[in-house]
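Visitor: Given next are the chains, with one letter for each unit.
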Amino acid sequence: MPAIQLRLGALSAAIAVLAVTSSGALAQKKYDTGATDTEIKIGNIMPYSGPASAYGVIGKTEEAYFKKINAEGGINGRKINFISYDDAYSPPKTVEQARKLVESDEVLFIFDPLGTPPNSAIHKYMNSKKVPQLFVATGATKWNDPKEFPWTMGWQPNYQSETQIYAKYILKQMPNAKIAVLYQNDDYGKDYLKGLKDGLGAKAASMIVIEESYETSEPTIDSHIVKLKSTNADVFINITTPKFAAQAIKKSAEIGWKPLHFLNNVSSSIGSVMKPAGFENGQGIISSAYLKDTSDPEWKNDAGMKAFDEFLTKYFPEGNRIDANVMFGYTVAQGIVHVLKACGDNLTRENVMKQAASIKGLELGGLLPGIKVNTSATDFAPISAVQLQRFKGEAWERFGDIIDADVGG
Amino acid sequence: MSAVEDVVTEAPAVEAVPKRSMTLGYGTSLVVLAALILTPLFVKNFIIFQMTQILYFGLAVLALNILTGGSGQFSLGQSAFYAVGAYTSAILMEHVGMNYALTLPVAGAICFGFGFLFGQPALRLSGVYLALATFALAVAMPQLLKLGYFEHWTGGVQGLVVTKPDAPFGLPMSQDMWLYYFTLAITIAIYIFSVNLLKSRSGRAFMAIRDNEIAASAMGVDVALYKTLAFGVSAGITGVAGGLGAIAVQFVAPDSFTITLAIQLFLGMVVGGVGWLPGSIVGAAFIIFVPNIAEGISKGLSGAVFGVLLFLVIFLVPHGARQVAIVAQQLIGKLKKT
Numbered sequence: 001m002p003a004i005q006l007r008l009g010a011l012s013a014a015i016a017v018l019a020v021t022s023s024g025a026l027a028q029k030k031y032d033t034g035a036t037d038t039e040i041k042i043g044n045i046m047p048y049s050g051p052a053s054a055y056g057v058i059g060k061t062e063e064a065y066f067k068k069i070n071a072e073g074g075i076n077g078r079k080i081n082f083i084s085y086d087d088a089y090s091p092p093k094t095v096e097q098a099r100k101l102v103e104s105d106e107v108l109f110i111f112d113p114l115g116t117p118p119n120s121a122i123h124k125y126m127n128s129k130k131v132p133q134l135f136v137a138t139g140a141t142k143w144n145d146p147k148e149f150p151w152t153m154g155w156q157p158n159y160q161s162e163t164q165i166y167a168k169y170i171l172k173q174m175p176n177a178k179i180a181v182l183y184q185n186d187d188y189g190k191d192y193l194k195g196l197k198d199g200l201g202a203k204a205a206s207m208i209v210i211e212e213s214y215e216t217s218e219p220t221i222d223s224h225i226v227k228l229k230s231t232n233a234d235v236f237i238n239i240t241t242p243k244f245a246a247q248a249i250k251k252s253a254e255i256g257w258k259p260l261h262f263l264n265n266v267s268s269s270i271g272s273v274m275k276p277a278g279f280e281n282g283q284g285i286i287s288s289a290y291l292k293d294t295s296d297p298e299w300k301n302d303a304g305m306k307a308f309d310e311f312l313t314k315y316f317p318e319g320n321r322i323d324a325n326v327m328f329g330y331t332v333a334q335g336i337v338h339v340l341k342a343c344g345d346n347l348t349r350e351n352v353m354k355q356a357a358s359i360k361g362l363e364l365g366g367l368l369p370g371i372k373v374n375t376s377a378t379d380f381a382p383i384s385a386v387q388l389q390r391f392k393g394e395a396w397e398r399f400g401d402i403i404d405a406d407v408g409g
Numbered sequence: 410m411s412a413v414e415d416v417v418t419e420a421p422a423v424e425a426v427p428k429r430s431m432t433l434g435y436g437t438s439l440v441v442l443a444a445l446i447l448t449p450l451f452v453k454n455f456i457i458f459q460m461t462q463i464l465y466f467g468l469a470v471l472a473l474n475i476l477t478g479g480s481g482q483f484s485l486g487q488s489a490f491y492a493v494g495a496y497t498s499a500i501l502m503e504h505v506g507m508n509y510a511l512t513l514p515v516a517g518a519i520c521f522g523f524g525f526l527f528g529q530p531a532l533r534l535s536g537v538y539l540a541l542a543t544f545a546l547a548v549a550m551p552q553l554l555k556l557g558y559f560e561h562w563t564g565g566v567q568g569l570v571v572t573k574p575d576a577p578f579g580l581p582m583s584q585d586m587w588l589y590y591f592t593l594a595i596t597i598a599i600y601i602f603s604v605n606l607l608k609s610r611s612g613r614a615f616m617a618i619r620d621n622e623i624a625a626s627a628m629g630v631d632v633a634l635y636k637t638l639a640f641g642v643s644a645g646i647t648g649v650a651g652g653l654g655a656i657a658v659q660f661v662a663p664d665s666f667t668i669t670l671a672i673q674l675f676l677g678m679v680v681g682g683v684g685w686l687p688g689s690i691v692g693a694a695f696i697i698f699v700p701n702i703a704e705g706i707s708k709g710l711s712g713a714v715f716g717v718l719l720f721l722v723i724f725l726v727p728h729g730a731r732q733v734a735i736v737a738q739q740l741i742g743k744l745k746k747t
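Chains F and S, in that order, give the protein sequences.
In this text, residue positions in the first sequence follow the numbering used here: the first is 1, and each later residue adds one.
In this text, residue positions in the second sequence follow the numbering used here: the first is 410, and each later residue adds one.
For the record, the hints were derived by calculation from the structure and aren't laboratory data.
Please note: incorrect hints may appear among the correct ones.
Unchecked claim - Residues on chain F that point at chain S, a partial pick, calculated with CB under 10 Å: (1) D37; (2) T38; (3) K60; (4) L368.
Said to hold, decoys possible - Within a straight-line C-alpha distance of at most 25 Å, the following computed BS3-like cross-link-like pairs (lysine-lysine) qualify: (5) K608/S with K124/F; (6) K41/F with K746/S; (7) K100/F with K608/S; (8) K708/S with K68/F; (9) K745/S with K100/F; (10) K258/F with K178/F.
Note that CB positions come from ideal geometry on N, CA and C, so glycine has one too.
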């Protein structure tokens, strides 16, 4: 008996030692599917073809940025394997591609999938699989909902908060304004409109004199502008994408309609909107921004912009510098690299979400000075601040404070 | 190449022996069926999901095949019927709380009615003009779904999220596998129905209209009735396919049902072989897998690569999968003789 007891004792001691060492090893390095000692697999879904293919350049920019990270030694010694698929902006295809990424390619998480309908299609799936759907490239408000959807997180300031900021400005400066709204008839346009109405509150019904919508298939929106002018509105909220925004600015100048013109951030690019519309027609337009405009001479000697230009020449020479989407992809890729660095050797899906939800005051080269990335366990809206800007001469002139406007989903 | 040329220059097989050439032999059918039943037991859930996709897309292609291959009418508006079916299922499941299996017959019935009604004015049109009218339907559908009046039901531009059903009776299988077998059972039922329909009196009437409308009416076929009936049946089956698609994808949105979908279905029918029902499944596999292959070859030029692949298929086997099957049959026949 004593001999057996002795052996048992030795055995249990051995097990205890084993347990200690193995748990020690686990504490050092922890992996979920998609991460190893040498590699981190990141999935992505983009509309490289189809109606929204102009956005595909975001995926290409991200790929180029990860190439740069890998060339510089990777993240904590691990190379990024970026797998990006095309969904042509068709939700059923997004579901197929997301399942391919998660179940067949076995990625650690899906990063920056683009578009509200495609992301809505995989929202439930990603959360039931407990695979992070990180930094989605859409401004819809519903991505900031950590309680119901703890595995999904947005990135850019959402559309509703932007028009809420305009509404606040109008209520303060022109409380008796007659507002004309032109919006694109889709989720993006309607989200903006909702933000405006929420921001105006009870006065929305009396202040908004006309809500006019257009379809992206229309060749020109000139007739809508003429109709808006006929209401004699003195404030114009312009919720349009770049091509239409330029048309709207030009046409309203042509017919001599001079309201206080608010232009949504989506179309605030100098290169692709203000210049084609004619600088003289755009004077005094108010918009908002969170990214630096690459065509703005103000940033010529800015360190962040210099780093961006260096990246473009070395890793992404085919990228169009004045395309705002390139700057967008560059910045969001920097964001995810920050999260992965913070994860250290604990590359589980849970820890990726945890680190993504604990970004404090992160400054990125492409963001306007003073705008920082902030998240917490209850705030899944990484960038929620913008600054108002007014067009003067050939550039935007920012004014007022950085305005924070979080809208929960 | 000579064998292929022989087949092409021969009078089209459909007209010569319509009953046989519409289907597969019993032996082949059993082999295909066994493969469809057994494969999911050995593959990952993702592959099962893709197989489910092939089945419901196959059904939609089959529906178009009955219309074009059977009655000789063109349609580029199948995506509209598909959308109506998908939305019917989704709305009934999410707003009414109806069982998913029961929503499918409703989707089928509504689409049958819709197709039958659309068939009335479409009767006055033929050939390319009919294709244009149906094209208009496909273009209009996504915008109709976005209309504010229906937004309470359709979810507007945001779409509707659908809950995926679990396997019933506590069967030990994943949701994907259950949905696959569920879809397979419906597909087989509709396939058998379609084959019998085309073999029946109505089917012969369809084909008579396709081959020569005047001759058909001289023989006493009610051309108007059978043309609209073909439209109705085709729309009904497309609706069921749409309902199954909505359940499998768990999401419906206007952007899912654009004209691209209609063209894909048309493409699937041509690649599978016009008028050859088993080809529908091959055509569905083509429209699901070949874009993925094209993307694998070149991301930036995926559309161009897809075009080249499609061109190769049309150039080498202009009669689609049916032609491949006939060549294979002849080869096997020769082997048996020697």
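Visitor: Against each hint, give a clear statement of whether it holds in the structure.
Guide: Comparing the hints with the structure gives:
1. D37: violated (25 Å)
2. T38: Violated, because the Cβ-Cβ distance from T38/F to chain S comes to roughly 24 Å (cut-off 10 Å).
3. K60: Hint on K60/F: holds, closest Cβ of chain S at ~8 Å, below 10 Å.
4. L368: At 30 Å from the nearest chain S Cβ, L368/F fails the 10 Å test, so the hint is violated.
5. K608/S with K124/F: violated (44 Å)
6. K41/F with K746/S: violated (55 Å)
7. K100/F with K608/S: violated (40 Å)
8. K708/S with K68/F: holds (20 Å)
9. K745/S with K100/F: violated (43 Å)
10. K258/F with K178/F: holds (13 Å)
Violated hints, listed in ascending order, are 1, 2, 4, 5, 6, 7 and 9; each of the other numbered hints is respected by the structure.
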